[in-house]
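Asker: We have chain A already, so just place chain B on it with the hints.
Below, each chain spelled out in residue letters.
Number of protein chains: 2
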Amino acid sequence: MRQGRGMKIKPDNRPLYQQAEEALNQLMKGLSPGDKFPPEPALARSLGISRATLREALRNLEEKQVITRRQGVGTFYNGPRVTIDSGLETLASVDALAQRQGLHCTTTGLEVSGGAASADDAATLGLTPGAPVTIVRRVKVADGRPIAYLVDVVPQSVLAPTDLPQGFDGSVLDLLIARRDPAASHAAADITPVKAGKELGARLQVPASTVLLLLEETIYSRDGVPVDLCRSYFVPQFFQFHLLRRIAF
Amino acid sequence: MRQGRGMKIKPDNRPLYQQAEEALNQLMKGLSPGDKFPPEPALARSLGISRATLREALRNLEEKQVITRRQGVGTFYNGPRVTIDSGLETLASVDALAQRQGLHCTTTGLEVSGGAASADDAATLGLTPGAPVTIVRRVKVADGRPIAYLVDVVPQSVLAPTDLPQGFDGSVLDLLIARRDPAASHAAADITPVKAGKELGARLQVPASTVLLLLEETIYSRDGVPVDLCRSYFVPQFFQFHLLRRIAF
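Protein chains in written order, with this note's numbering: chain A, 1 to 249; chain B, 1001 to 1249.
Hints are computed from structural coordinates only; laboratory data are not their basis.
Everything hinted at is true.
Computed cross-link-like contacts, BS3-like style, restricted to lysine-lysine with a CA-CA straight-line distance of at most 25 Å:
id	chain 1	residue 1	chain 2	residue 2
1	A	Lys198	A	Lys64
2	B	Lys1198	B	Lys1064
3	B	Lys1029	B	Lys1064
4	A	Lys198	B	Lys1064
5	A	Lys29	A	Lys64
6	B	Lys1064	B	Lys1036
7	B	Lys1198	A	Lys198
8	A	Lys64	B	Lys1064
9	A	Lys64	B	Lys1198
10	A	Lys64	A	Lys36
This is chain A alone, in the form it adopts within the complex (with noise of 0.2 Å):
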């Protein structure tokens, strides 16, 4: 590695991009929320790198929301990055996250509605397709921004709409846990990479081609009846989710 002021890239073992990503965070730390970037000619020259590949590490920057890039204008850096950090093997809401950490998390945009199930969703609940369904949607928002979209599908059986209490904040989960009959015990989810896409995006406040975590998890009830079909879309800049992994023997 080149000693000096200017931050030189060596090929190690990672691709191009994303070692000028890091140079991108190392420079981050000296820099205030709202400072502007170095112009991309003198940045990509300081990096040693060619500015496709920083153009890269930019776009790669904004789609984490770490920085904002205005047309004409320059690129500025948007302040540290907020994150909840959760072994996912636990069940819990955003909130319960959120709250762990400090965060106060809030609920726009709440829509609850009653529904017939699809046939897809009613397989999953193990109901007839077109039972009735309570749904319930809405955007948690911490500090400001929002951080994940959440979808509850939940047989009306077990909540219908007028079930849910005043003041209802929007997670169905603590509801079902504070809950004794059925209460809530544990869920089977599936976690999938995905972009936003347009409507997406324009809920979450990110651009349509962000990539969101998508965790879609049957909740299940302690006798092992599902409760609750969840689908919870992650802003991954808010999110550090991590795992035990154990060998089976």
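Answerer: Here is chain B on its own, set in the frame of chain A:
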């Protein structure tokens, strides 16, 4: 839902392009690999959606490698998805996962090198920055298609480049599991959705905008010593990761 030959999409809980994607999945059940799609205007009409929504759904299917779109020629069905279904709690190599499902998994582009640990990697592995590590990179291929890109960084005190056995097929984890001292036991994994980008996209033969699931894990020996830092980039089309989550009381 309208009855009849045309599949009409009625607004349900999900973004329109996701519903369109589901309708296209239904349509593909009647196709054979290599079959061509109807022209876009006719397809949008028969699904009762705008061409913009159709194009978003098609773009998603293309990124999942379910279809191939050729400029000016048409859209083609690639054939059924090959999926490796795995419980994430269990630490197992991609090879072992594939084998369990009767898939033959091979390695291409194997690169084994000795190098100096980066500051970050050294910190994770409990080494001095610059300490000698063995770096193993390769693409995993199943049924002739790249399904994952793996990078292992192993302290040379655990594994020197010359320690890799004759006919090494690229599973460092299986090598560490088979060993007695130090034997791999468990891993702490971070899960992040990422974009392939140009370099990784080229290695995995997917568009640069494809979303991948990155599993970044530190593998520990039974006595808690980090023995391997493994970054796995999974092409989501080929993997279905699930997880059991339990409420902590």
